[in-house]
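Engineer: Protein chains in written order, with this note's numbering: chain W, 1 to 130; chain E, 1001 to 1088.
By construction, these hints were calculated from the structure, which means they are not laboratory data.
The model shown is predicted, which means the values in this text are computed figures rather than measured ones.
No residue lacks a Cβ here, since even glycine has one placed at the ideal position from N, Cα and C.
Take these hints with a grain of salt, some might be off.
Said to hold, decoys possible - Not everything, but these chain E residues come out facing chain W in the computed CB check (under 7 Å):
hint	residue
1	Glu1005
2	Val1011
3	Leu1018
4	Cys1019
5	Gly1024
6	Pro1030
7	Asp1031
8	Arg1032
9	Cys1048
10	Gly1055
11	Asp1057
12	Tyr1058
13	Phe1071
14	Thr1074
15	Ala1078
16	Leu1081
The lines below spell out each chain.
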Amino acid sequence: MLETVFYWCVGVGLAFDLFGCIGLVRLPDIYNRAQAATKCVTLGTCLILVGTAGLGFTRLGTPMGIKALICAAFVLLTSPVGAHAICRGAYISGVPLWEGSVEDAFADRAETIRKQQEPQREGPVQSEKA
Amino acid sequence: MTPFEVVAFNVLLVCSLLCLGRIGKGPTAPDRTVAIDILGTLVVGFCCILALWTGQDYYMNIAIAWALISFVGTLALAKYLEGRPYDA
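If we strip away everything but chain E, and leave its shape as in the complex, we get:
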């Protein structure tokens, strides 16, 4: 543990709190969806910082899987916003 990782972790925490504020406040549904998408990308950054912090490489597996799941979820939410059925 070095000061660099602690500062990086806290910066990412502030970013996540801003995203959570937008999810809670955002006047329309697409606002919340964009904020959820950004939060998913920030979690990948969290995984990187944790990998640097601990020196374990399995955190990068979590990052790859999280990016994939977040992308699929975002596309599903976008289709729902557009008002189309999921299989068309």
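Chain W extracted, bound-state conformation:
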């Protein structure tokens, strides 16, 4: 019974992973892609890890369960931080928003950041094509 619940956890996590990767392919610009893919894949991988932990505690041995829980906490902490850093870098290096976007709250602050770091910029990292 309990094992069935954990297998369902792994299955739902796989579905989230698949939907996140479809979002990564289908959505129009980098910011949409990053948020869709990061949220879905983080939750999906955490569910897979939780299911693995449960199966480890019930059937496959306690060390696997403990390692899977540690790994779940680590993925939950680091994946959104990495995606946020990438999106910030993308905006500051000048990748444009999708033309259907209606709100750009970061524009003023990004301009300030660009002015601050202008002297120490190491070569342009511009987008190849909008």
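With chain W fixed as given, assemble chain E onto it according to the hints.
Structural biologist: Only chain E this time, still in chain W's reference frame:
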């Protein structure tokens, strides 16, 4: 080996192929960086499925180490995109 693990492995393979498509196609550098980050997270899922498949727990060691290295690499790429030196 049960059918569940085989299906799970194939679903993750499809996800990885979608990510690879975005890495090859993605018009800007941040697109590719996001796809690489997602691919690194998917590898953790692969390690879990392999651990369930074989019943060996050392695959979880690989998963933890892979998550750590992927995070550091993503932060380095993000700093490069932002145009800042790595030690500032």
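Engineer: Now tell me if each hint is right for this structure.
Structural biologist: Checked hints:
About 9 Å separates the beta-carbon of glutamate 1005/E from the nearest beta-carbon of chain W, more than 7 Å, and the hint is not met. The beta carbon of valine 1011/E comes within 5 Å of a beta carbon in chain W, closer than 7 Å, and the hint placing it at the interface holds. Residue-level restraint check for leucine 1018/E holds (minimum Cβ-Cβ distance to chain W is 4 Å; threshold 7 Å). For the restraint placing cysteine 1019/E at the interface with chain W, the shortest Cβ-Cβ distance is roughly 6 Å, inside the 7 Å limit, so the hint holds.
The restraint placing glycine 1024/E at the interface with chain W is violated, with a minimum CB-CB distance near 11 Å, outside the 7 Å limit. Taking 7 Å as the C-beta cut-off, the interface hint given for proline 1030/E holds, the closest approach to chain W being about 4 Å. For aspartate 1031/E, the interface hint holds, since its Cβ comes within 7 Å of a Cβ in chain W; the closest pair sits about 5 Å apart. Interface restraint check for arginine 1032/E: the shortest CB-CB distance to chain W comes to about 10 Å, outside 7 Å, so the restraint is violated.
The interface hint given for cysteine 1048/E holds, since its Cβ lies 4 Å from the closest Cβ of chain W, which is under the 7 Å cut-off. Using the Cβ-Cβ criterion of 7 Å, the hint placing glycine 1055/E at the interface with chain W is satisfied: the shortest such distance is roughly 5 Å. At a threshold of 7 Å, the smallest CB-CB gap from aspartate 1057/E to chain W is about 4 Å, leaving the interface hint in force. At about 9 Å, the closest approach between the beta carbon of tyrosine 1058/E and any beta carbon in chain W exceeds 7 Å, and the interface hint on this residue is violated.
For phenylalanine 1071/E, the shortest C-beta to C-beta distance to chain W is roughly 4 Å, which falls under 7 Å, so the interface hint holds. Checking threonine 1074/E against chain W: minimum C-beta separation of about 4 Å stays under 7 Å; hint holds. With a least beta-carbon distance of about 4 Å to chain W, the hint placing alanine 1078/E at the interface is held under the 7 Å criterion. Evaluation of the leucine 1081/E hint against chain W yields a held restraint, the C-beta minimum of about 3 Å falling below 7 Å.
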